[in-house]
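Undergrad: Listed here are the chains, written in short residue letters.
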Amino acid sequence: MRPSGQAPRTGRRDLSGAVAALEFYDVARRFPVPGGGTYAALEGVSFAVARGEFLAIVGPTGGGKSTLLNLAAGLLRPSAGQVLAFGAPVDGVNRRAAYLFQQDVLLPWKTALENVMLGPLLHRQPRREAQEHAMRWLARVGLAGFENRYPHQLSGGMRKRVALAQSLIVGPEILLMDEPFSALDVQTRALMENDLLRLWQEDRKTVVFVTHDLDEAIALADRVLVLSAGPGARVLGSHPVALPRPRDVTEIRLHPAFVEVYREIWAQLRGEVLRAYAARAPTEGSAAP
Amino acid sequence: MTAGRFRLLPYQAGVLVALVAAWQVTAQRRWLDPFFFSMPSAIAARIVQWFGSGSIYRHLWTTALETVLAFLAGAALGVAFGFAFARSPALSGIFDPYLKIANALPRVVLAPIFTLWFGLGVLSKVAFGVTLVFFIVFFNTYQGIREVDRNLLDNTRMLGATERDLVRHVLFPSALVWILSSLHTSVGLALVGAVVGEYLGSGRGLGYVIAQAEGTFDTTGVFAGMTVLAIFTLAVDLAVTLIERRLLAWKQGAAEQT
Ligand SMILES: Nc1ncnc2c1ncn2[C@@H]1O[C@H](COP(=O)(O)OP(=O)(O)OP(=O)(O)O)[C@@H](O)[C@H]1O
Ligand SMILES: [Mg+2]
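Protein chains in written order, with my numbering: chain A, 1 to 289; chain B, 1 to 258.
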């Protein structure tokens with residue numbers, strides 16, 4: 001295990017001299033366990049995300065991917081190490097990031113429009129302006145005409161679109177996404193992925209996209225980070241994806257380079273998935289009399 | 001389900017008609033002593049007379065006023081305390097046993113004391129109603145805030161919310177769902193508080209009307225008072241349903257899902 005608590009190296013610059021959008025230095029996060037003691041979800045995690053980069057993170061379930069995003073969002077503090085956004089330590093909620101949660105988080109008592117307006121209103125934009133702004137964003141995610149529906153009156157895919165508009169309307173520099181499309185059917189999912197790429201292509205925000213679907217990771221990202229199985233998950237490898245853009249997620253899967261990268265990453269991920277599975281099996285078995 | 005309910009309506013009405021008819025016939029033939037049991041025609045005549053002369057209105061008004069005031073004051077206190085306790089573990093930790101004791105206390109014993117403290121007027125009934133309403137609203141507000149989905153809070157925080165924004169956009173609406181779910185109970189209790197208070201000591205109100213009739217062995221008056229009270233309760237309940245529908249418009253059709 002690496003020594004933690006060393007002096008943080010803040011504000012490392014990449015080749016072009018720009019500060020990275022997001023940096024993790026030897027980050028650990030431990031949670032107290034009900035019976036006493038702690039469970040280390042992450043241990044010694046280090047990586048950086050360049051400005052404008054689309055990074056995908058894959059890893060077995062329970063490996064600490066959501067924890068990692070919560071750290072980047074400033075919703076959790078690291079137990080050790082440091083998290084930087086644009087060279088500055090993340091202290092409290094990361095105001096330069098937006099977060100698309102794994103769960104449904106639209107406010108059920110607000111309509112689609114009111115949900116999307118929320119960010120601008122919280123940033124003290126006048127109501128009229130916020131409303132017009134939100135209408136434009138709903139149109140951009142293909143939901144013109146659904147402004148006055150409540151979340152429960154929308155399909156799962158529509159709710160994700162509203163959530164996407166809600167996150168993007170505040171103009172974040174970093175977009176954190178936690179398995180945003182995993183609950184959707186295959187067709188809707190491909191549509192949403194293409195929409196996301198189209199929106200990303202427009203202004204090239206920094207994106208950190210967590211998924212357990214390797215296909216999705218490669219189809220979308222510039223680089224794929226592989227996380228090991230927990231406890232004490234860490235970064236196993238970083239794989240650049242040299243596929244042309246703009247991409248269509250369904251067609252890109254047939255590209256020869258896609259298959260090659262897939263094989264390379266899967267070789268690394270497979271062992272971890274099996275390890276995560278094996279770690280779970282005995283506890284489940286022991287529950288039987 | 002609603003269709004089924006409406007299909008049952010004729011039968012439900014039939015039961016009422018049959019009972020009233022049986023009561024009327026048995027009382028008329030003296031199988032039941034009208035002195036103890038009165039009879040529907042006499043009760044109806046009494047109610048018509050009350051409304052005809054207008055003598056009942058001031059009693060209805062008093063009871064309605066007490067109910068509304070008790071509900072509003074009890075709900076306001078319940079929401080305020082519920083918020084404070086849910087947001088401050090220290091506060092809830094220290095006062096938890098006292099609240100439990102206060103809630104376990106049979107509140108009826110307080111009514112005479114409140115009459116002593118606040119007199120025979122509206123105030124003592126309102127105070128009594130508040131002790132009934134407060135706990136319902138308090139526990140529901142507390143629960144509603146404790147049960148808020150953490151992810152809703154985190155998401156709203158990420159969108160730029162301050163703690164005050166969270167109260168307005170997430171915590172209060174979330175608690176409101178719980179408070180409204182108990183609205184029928186809490187308004188009902190406010191009414192019970194008013195009527196019981198009047199019954200135990202007052203100069204006006206429906207509880208007073210019934211107590212007066214009982215004092216003079218006027219069974220017709222007792223049953224007439226009970227009938228007016230029942231209709232009044234139904235009207236209040238209907239009003240609550242309408243308010244609830246309005247405030248929970250966003251939930252229409254989702255109620256079955258969650
Ligand atoms: N607040 C918490 N308290 C205690 N343990 C936690 C907490 N949050 C996460 N954990 C634990 O940390 C580990 C990693 O959780 P995390 O949610 O980050 O995994 P994940 O990779 O996102 O999984 P999935 O792919 O299923 O979403 C899990 O073992 C989980 O039980
Ligand atoms: Mg997760």
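Hints in this document: simulated from the structure, not taken from any laboratory.
Each hint should be verified, as a subset may be incorrect.
Unchecked claim - Using 20 angstroms as the maximum straight-line C-alpha spacing, the simulated DMTMM-like pairs for lysine to aspartate or glutamate come out as follows:
hint, chain 1, residue 1, chain 2, residue 2
1, A, Lys-205, A, Glu-147
2, A, Lys-110, B, Asp-96
3, A, Lys-205, A, Glu-179
4, A, Lys-110, B, Glu-163
5, A, Lys-110, A, Glu-132
6, A, Lys-110, A, Glu-147
7, B, Lys-251, A, Glu-147
8, B, Lys-251, B, Asp-149
9, B, Lys-251, A, Asp-222
10, B, Lys-251, A, Asp-104
11, A, Lys-110, B, Glu-147
12, A, Lys-110, B, Glu-244
13, B, Lys-251, B, Glu-147
14, A, Lys-110, B, Asp-149
15, A, Lys-205, A, Glu-53
16, A, Lys-110, B, Asp-165
17, A, Lys-205, A, Glu-173
18, A, Lys-205, A, Asp-185
All figures in this text were calculated on a predicted structure; none of them were measured in a lab.
Undergrad: Now tell me if each hint is right for this structure.
TA: The hints, checked one at a time:
no.	hint	verdict
1	A/Lys-205 <-> A/Glu-147	violated (26 angstroms)
2	A/Lys-110 <-> B/Asp-96	violated (34 angstroms)
3	A/Lys-205 <-> A/Glu-179	holds (18 angstroms)
4	A/Lys-110 <-> B/Glu-163	holds (19 angstroms)
5	A/Lys-110 <-> A/Glu-132	holds (16 angstroms)
6	A/Lys-110 <-> A/Glu-147	holds (10 angstroms)
7	B/Lys-251 <-> A/Glu-147	holds (16 angstroms)
8	B/Lys-251 <-> B/Asp-149	holds (17 angstroms)
9	B/Lys-251 <-> A/Asp-222	violated (42 angstroms)
10	B/Lys-251 <-> A/Asp-104	holds (16 angstroms)
11	A/Lys-110 <-> B/Glu-147	holds (18 angstroms)
12	A/Lys-110 <-> B/Glu-244	holds (17 angstroms)
13	B/Lys-251 <-> B/Glu-147	holds (18 angstroms)
14	A/Lys-110 <-> B/Asp-149	holds (15 angstroms)
15	A/Lys-205 <-> A/Glu-53	holds (7 angstroms)
16	A/Lys-110 <-> B/Asp-165	holds (15 angstroms)
17	A/Lys-205 <-> A/Glu-173	holds (6 angstroms)
18	A/Lys-205 <-> A/Asp-185	violated (26 angstroms)
In terms of the numbered hints stated before, the structure departs from hints 1, 2, 9 and 18, listed from lowest to highest.
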